[in-house]
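Chemist: In case you want the letters, here they are:
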Amino acid sequence: MSIRQLTLFISLIILGLPAITRAQFFIGLEAGGNKNSLITNNSNQAFTSYDSKSGISVGVPILYEVNDWFALRASPSYMQKNYTINRTGFFNGIYQDNINGYLQLPLMGQFSFGDDQLKGYVNLGVYGAYWLSGKVKGSEANVLNPVDSSYTTVAPSNIAGINNLYPYNEKYTFNPTKDNRMEFGWIAGIGISYETNNGNRFFIEGRRTYSFTDQQKKYMINQTPRYNDTYGINVGFLMSLDNLSGRY
Amino acid sequence: MSLGSNKKTIQMKKINYFLSRLSIIGFCFFIISSFSSCRKDITQVNAPQNYTGNNFSDVFESFWNGMNNNYVFWSIDSTNWDRVYTTYKPLFAKLNLLDTTDNNTALNYFQQMTAGLIDSHYTLTYTGYNNQQFSPSFERKLKINSITPDSIYSLPQAMFDSLIPLKYIDAGSLKKGVDSVTQNGFTSAFEAVSGTIQNKILYLYFNSFSFTQTGPNVAPVLNYFFDTLAKLPPSIKGIVIDVRGNGGGEIVDLDYLLGSMITKPLAFGYTRSKNGNGRLDYTPWAPAIVTPQQGAVAISLPIVVLADHTSVSMAEITAMAIKSLPNGKFIGTTTWGANGPLAPAVYYNAGQFTAGSYVNVYTSSTMFKYLDGNIYEGKGVPPDIFVKETSAAYHSGDDQQLDAAISYINNH
Numbered sequence: 001m002s003i004r005q006l007t008l009f010i011s012l013i014i015l016g017l018p019a020i021t022r023a024q025f026f027i028g029l030e031a032g033g034n035k036n037s038l039i040t041n042n043s044n045q046a047f048t049s050y051d052s053k054s055g056i057s058v059g060v061p062i063l064y065e066v067n068d069w070f071a072l073r074a075s076p077s078y079m080q081k082n083y084t085i086n087r088t089g090f091f092n093g094i095y096q097d098n099i100n101g102y103l104q105l106p107l108m109g110q111f112s113f114g115d116d117q118l119k120g121y122v123n124l125g126v127y128g129a130y131w132l133s134g135k136v137k138g139s140e141a142n143v144l145n146p147v148d149s150s151y152t153t154v155a156p157s158n159i160a161g162i163n164n165l166y167p168y169n170e171k172y173t174f175n176p177t178k179d180n181r182m183e184f185g186w187i188a189g190i191g192i193s194y195e196t197n198n199g200n201r202f203f204i205e206g207r208r209t210y211s212f213t214d215q216q217k218k219y220m221i222n223q224t225p226r227y228n229d230t231y232g233i234n235v236g237f238l239m240s241l242d243n244l245s246g247r248y
Numbered sequence: 001m002s003l004g005s006n007k008k009t010i011q012m013k014k015i016n017y018f019l020s021r022l023s024i025i026g027f028c029f030f031i032i033s034s035f036s037s038c039r040k041d042i043t044q045v046n047a048p049q050n051y052t053g054n055n056f057s058d059v060f061e062s063f064w065n066g067m068n069n070n071y072v073f074w075s076i077d078s079t080n081w082d083r084v085y086t087t088y089k090p091l092f093a094k095l096n097l098l099d100t101t102d103n104n105t106a107l108n109y110f111q112q113m114t115a116g117l118i119d120s121h122y123t124l125t126y127t128g129y130n131n132q133q134f135s136p137s138f139e140r141k142l143k144i145n146s147i148t149p150d151s152i153y154s155l156p157q158a159m160f161d162s163l164i165p166l167k168y169i170d171a172g173s174l175k176k177g178v179d180s181v182t183q184n185g186f187t188s189a190f191e192a193v194s195g196t197i198q199n200k201i202l203y204l205y206f207n208s209f210s211f212t213q214t215g216p217n218v219a220p221v222l223n224y225f226f227d228t229l230a231k232l233p234p235s236i237k238g239i240v241i242d243v244r245g246n247g248g249g250e251i252v253d254l255d256y257l258l259g260s261m262i263t264k265p266l267a268f269g270y271t272r273s274k275n276g277n278g279r280l281d282y283t284p285w286a287p288a289i290v291t292p293q294q295g296a297v298a299i300s301l302p303i304v305v306l307a308d309h310t311s312v313s314m315a316e317i318t319a320m321a322i323k324s325l326p327n328g329k330f331i332g333t334t335t336w337g338a339n340g341p342l343a344p345a346v347y348y349n350a351g352q353f354t355a356g357s358y359v360n361v362y363t364s365s366t367m368f369k370y371l372d373g374n375i376y377e378g379k380g381v382p383p384d385i386f387v388k389e390t391s392a393a394y395h396s397g398d399d400q401q402l403d404a405a406i407s408y409i410n411n412h
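Which chain is which? The protein sequence lines are A and B, in order.
Mind the numbering: the first sequence is residues 1 to 248 in our numbering, read in order.
Mind the numbering: the second sequence is residues 1 to 412 in our numbering, read in order.
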């Protein structure tokens with residue numbers, strides 16, 4: 001299904017709703033942790049793996065409840081989509097953690113079920129994100145800082161016995177030729193919310209964000225794409241705007 | 001309304017509720033299952049040595065992809081590698097690997113494709129055909145030579161075998177020796193000369209960085225130099241390290257040589273390599289460091305490095321390291337321009353590789369940036385004091401560059 005088809009479908013649901021009986025706005029705060037993987041292929045690289053890495057996210061969920069089972073939800077948020085490049089075997093110790101911060105705006109339809117207080121729900125939508133910042137932390141073999149092993153009789157058991165490792169922890173400098181800082185994708189979640197007597201809600205939600213844009217611009221032939229794929233869990237609360245404005 | 005009718009209505013509502021939730025869940029599963037269709041296919045990336053090389057299309061693919069992934073200078077190289085792909089892929093597809101004429105045509109194509117690469121270590125060896133070699137940087141120097149004669153030729157070996165030992169080195173101090181060493185699979189002569197000049201200058205010449213392979217003839221030369229350095233006589237006013245015509249070699253020798261003259265680590269530049277398959281995927285810059293050796297003494301006297309247009313690789317790196325010392329000076333001519341250190345490809349997932357068992361590609365594993373922020377790959381390192389040798393001076397028994405070094409030390 002294309003984005004266009006999905007957008008059309010969601011629009012039809014909204015427009016076709018028979019009656020907006022108790023439309024209500026909610027706003028709140030959410031935070032959580034996630035695990036991101038960079039989906040790519042590097043099978044030509046010896047002793048090298050791309051591994052998932054955990055990160056954090058914080059956001060401000062905004063919910064427009066159309067009726068008791070459908071709501072629209074936006075959740076502007078800061079979200080990390082991290083991953084690690086690890087060298088293995090003889091090269092164990094060489095790695096790079098890529099800490100990437102995104103400003104993300106998911107737009108979702110929320111389908112609820114359950115009783116008035118305890119509800120289960122499913123979210124589904126699309127998101128747009130901007131790659132805001134990057135940091136690289138790791139360790140590399142420093143070719144021009146050799147361990148003077150040639151003058152000893154000790155056979156190295158690790159690359160660190162040949163070249164001193166250079167540890168680094170620095171801001172990532174974006175390359176406008178290579179880095180695609182805009183990201184779009186699908187987002188889906190499943191959660192449980194509990195409504196208190198005063199109408200506020202607490203929720204816990206598992207979420208998957210699935211990028212369908214390459215992390216790189218198309219700048220060379222035979223380019224292997226790189227996609228972020230993130231699983232996260234968020235907790236948060238939503239306050240009814242009616243409550244905030246004093247109307248009960 | 002009857003009780004039965006109410007029950008029926010409630011039942012219908014429950015069924016509708018159930019169906020609507022079921023349709024929502026079904027819809028969500030449908031959407032989630034269609035997620036992956038929005039992505040481009042991620043195909044397997046193969047290492048160049050794993051291609052069969054059974055036909056020229058295969059050889060070309062392995063070579064082009066190997067270069068695409070392993071070459072470390074794409075950020076500064078002006079070669080349009082995508083254009084190379086679109087131009088030469090169909091041309092290679094027309095060639096027959098079992099035809100001699102086509103093999104020669106393929107060699108021409110390889111040379112055309114790589115002629116502009118700035119990596120000045122870069123050498124192709126056609127291991128699957130005739131073992132001929134092609135070096136783009138050497139070809140470029142040949143062209144320069146047609147305009148400026150002698151621009152590619154090393155100084156005559158007699159300069160180091162006889163002129164300097166007989167005319168410049170103090171007779172009682174002369175140490176000279178030659179051993180046989182192996183570099184990149186080739187056996188070559190490792191020659192070193194040391195001694196004092198005018199009893200004021202400690203001099204060392206060596207033609208390759210092969211200290212670890214030093215044999216019985218060169219060892220006394222190096223021992224003399226390093227022993228004198230460790231207990232420097234008060235009469236010594238400066239040091240000359242002569243790497244003219246030096247083709248480079250082992251990286252650890254720099255620590256052994258220059259690390260004997262410093263007592264604090266010397267940062268003189270940076271290196272970086274690849275950390276991904278993209279042309280522009282790089283590691284951060286790591287500092288290039290000379291580590292002081294045990295028993296080293298801090299030399300505050302002028303240290304002059306003599307290097308020239310045939311000083312390559314480690315010879316150039318040594319010139320830059322000495323140049324970065326507060327008491328260091330580089331005298332001579334601009335070096336060859338092959339500054340990127342090499343290591344086995346598996347160390348960095350970059351650099352040298354073999355494409356489809358047809359062509360071996362000798363190329364840097366890392367890119368070097370000097371302390372001043374410049375990358376001299378393909379350009380050569382400019383001297384602090386430019387002095388050119390001339391045939392006339394040589395034939396009249398003079399080494400103009402060594403004369404300039406002596407003069408510099410005498411005046412400082």
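These aren't lab readings, by the way, just hints derived from the structure by calculation.
Check each hint, because a few of them may be wrong.
Below, computed lysine-lysine pairings styled on DSSO-like, alpha-carbon distance capped at 27 Å [stated by the list, open to error]:
#1 A:Lys171 - A:Lys137
#2 A:Lys178 - B:Lys89
#3 B:Lys200 - B:Lys231
#4 A:Lys217 - A:Lys119
#5 B:Lys369 - A:Lys135
#6 A:Lys218 - A:Lys119
#7 A:Lys171 - B:Lys89
#8 A:Lys35 - A:Lys137
#9 B:Lys89 - A:Lys218
#10 A:Lys218 - A:Lys53
#11 B:Lys200 - B:Lys40
#12 A:Lys218 - B:Lys40
#13 A:Lys217 - B:Lys388
#14 A:Lys119 - B:Lys8
#15 B:Lys369 - B:Lys388
#16 A:Lys53 - B:Lys175
#17 B:Lys264 - B:Lys176
#18 B:Lys40 - A:Lys178
#19 A:Lys171 - A:Lys218
#20 A:Lys171 - A:Lys119
#21 B:Lys89 - B:Lys40
#22 A:Lys119 - A:Lys53
#23 A:Lys137 - B:Lys89
#24 A:Lys217 - A:Lys53
#25 A:Lys119 - A:Lys178
#26 B:Lys175 - B:Lys231
#27 B:Lys264 - A:Lys178
#28 A:Lys35 - B:Lys369
#29 B:Lys264 - A:Lys217
#30 A:Lys135 - A:Lys35
#31 B:Lys176 - B:Lys89
#32 A:Lys178 - A:Lys35
#33 A:Lys178 - A:Lys135
Chemist: State for each hint whether it applies.
Modeler: Here is what the structure says about each hint:
A threshold of 27 Å between alpha carbons decides the hint, and for Lys171 (chain A) with Lys137 (chain A) the separation of about 9 Å falls inside it, so the pair holds. Proposed proximity of Lys178 (chain A) and Lys89 (chain B) is supported: the alpha carbons are some 24 Å apart, at most 27 Å. Only pairs whose Cα atoms come within 27 Å are accepted, and Lys200 (chain B) paired with Lys231 (chain B) is accepted, the gap being roughly 14 Å. The hinted pair formed by Lys217 (chain A) and Lys119 (chain A) fails the criterion: a straight-line CA distance of about 42 Å is larger than 27 Å.
A C-alpha spacing of about 22 Å is found between Lys369 (chain B) and Lys135 (chain A), which places the hinted pair at or below 27 Å, so the restraint holds. Between the alpha carbons of Lys218 (chain A) and Lys119 (chain A) the distance comes to roughly 44 Å, so the proposed pair goes past 27 Å and is violated. Restraint check for Lys171 (chain A) and Lys89 (chain B): not satisfied, since their Cα atoms lie roughly 39 Å apart, outside the 27 Å limit. Proximity of Lys35 (chain A) to Lys137 (chain A) is assessed by CA-CA distance (about 17 Å); at most 27 Å being required, the pair is judged to hold.
Straight-line distance between C-alpha atoms of Lys89 (chain B) and Lys218 (chain A) comes to about 20 Å, which keeps the hinted pair within the 27 Å bound. For the hint pairing Lys218 (chain A) with Lys53 (chain A), the CA-to-CA distance comes to about 25 Å; that is within 27 Å, so the pair holds. Between Lys200 (chain B) and Lys40 (chain B) the alpha-carbon distance is near 70 Å, which puts this suggested pair outside the 27 Å criterion. Of the pairs offered as hints, the one joining Lys218 (chain A) and Lys40 (chain B) holds, with about 12 Å between alpha carbons and a cut-off of 27 Å not exceeded.
Straight-line distance between C-alpha atoms of Lys217 (chain A) and Lys388 (chain B) comes to about 48 Å, which puts the hinted pair past the 27 Å bound. Of the pairs offered as hints, the one joining Lys119 (chain A) and Lys8 (chain B) holds, with about 26 Å between alpha carbons and a cut-off of 27 Å not exceeded. For the proposed pair Lys369 (chain B) and Lys388 (chain B), the alpha carbon gap of about 25 Å is at most 27 Å, so the pair holds. Taking the CA atoms of Lys53 (chain A) and Lys175 (chain B), the gap is about 60 Å. The hint is violated against a cut of 27 Å.
A distance of roughly 31 Å separates the Cα atoms of Lys264 (chain B) and Lys176 (chain B); the hinted pair therefore is violated under the 27 Å criterion. Between the alpha carbons of Lys40 (chain B) and Lys178 (chain A) the distance comes to roughly 17 Å, so the proposed pair stays at or under 27 Å and holds. With a C-alpha separation of about 24 Å, the suggested pair Lys171 (chain A) and Lys218 (chain A) falls inside the 27 Å cut-off, and the hint holds. As the CA atoms of Lys171 (chain A) and Lys119 (chain A) are separated by approximately 43 Å, the hinted pair breaks the 27 Å bound.
For the proposed pair Lys89 (chain B) and Lys40 (chain B), the alpha carbon gap of about 23 Å is at most 27 Å, so the pair holds. Restraint check: the Cα-Cα separation between Lys119 (chain A) and Lys53 (chain A) comes to about 31 Å, which exceeds 27 Å; the hinted pair is violated. Only pairs whose Cα atoms come within 27 Å are accepted, and Lys137 (chain A) paired with Lys89 (chain B) is rejected, the gap being roughly 39 Å. For the proposed pair Lys217 (chain A) and Lys53 (chain A), the alpha carbon gap of about 23 Å is at most 27 Å, so the pair holds.
A C-alpha spacing of about 44 Å is found between Lys119 (chain A) and Lys178 (chain A), which places the hinted pair above 27 Å, so the restraint is violated. Taken as a hint, the Lys175 (chain B) and Lys231 (chain B) pair is honoured in the structure, with Cα atoms around 17 Å apart against an allowance of 27 Å. Straight-line distance between C-alpha atoms of Lys264 (chain B) and Lys178 (chain A) comes to about 39 Å, which puts the hinted pair past the 27 Å bound. For a cut-off of 27 Å, the pair hint linking Lys35 (chain A) to Lys369 (chain B) is broken: about 36 Å separates their Cα positions.
Taken as a hint, the Lys264 (chain B) and Lys217 (chain A) pair is broken in the structure, with Cα atoms around 44 Å apart against an allowance of 27 Å. Restraint check for Lys135 (chain A) and Lys35 (chain A): the C-alpha separation of about 17 Å stays at or below 27 Å, so the hint holds. Distance restraint check for Lys176 (chain B) and Lys89 (chain B): the Cα-Cα separation of roughly 53 Å exceeds the 27 Å cut-off, and the hinted pair is therefore not satisfied. For the given pair, Lys178 (chain A) sits about 24 Å from Lys35 (chain A) by alpha-carbon distance, which is consistent with the 27 Å threshold.
Restraint check: the Cα-Cα separation between Lys178 (chain A) and Lys135 (chain A) comes to about 16 Å, which is no more than 27 Å; the hinted pair holds.
In the structure shown, a violation is registered for the earlier hints numbered 4, 6, 7, 11, 13, 16, 17, 20, 22, 23, 25, 27, 28, 29 and 31, in ascending order.
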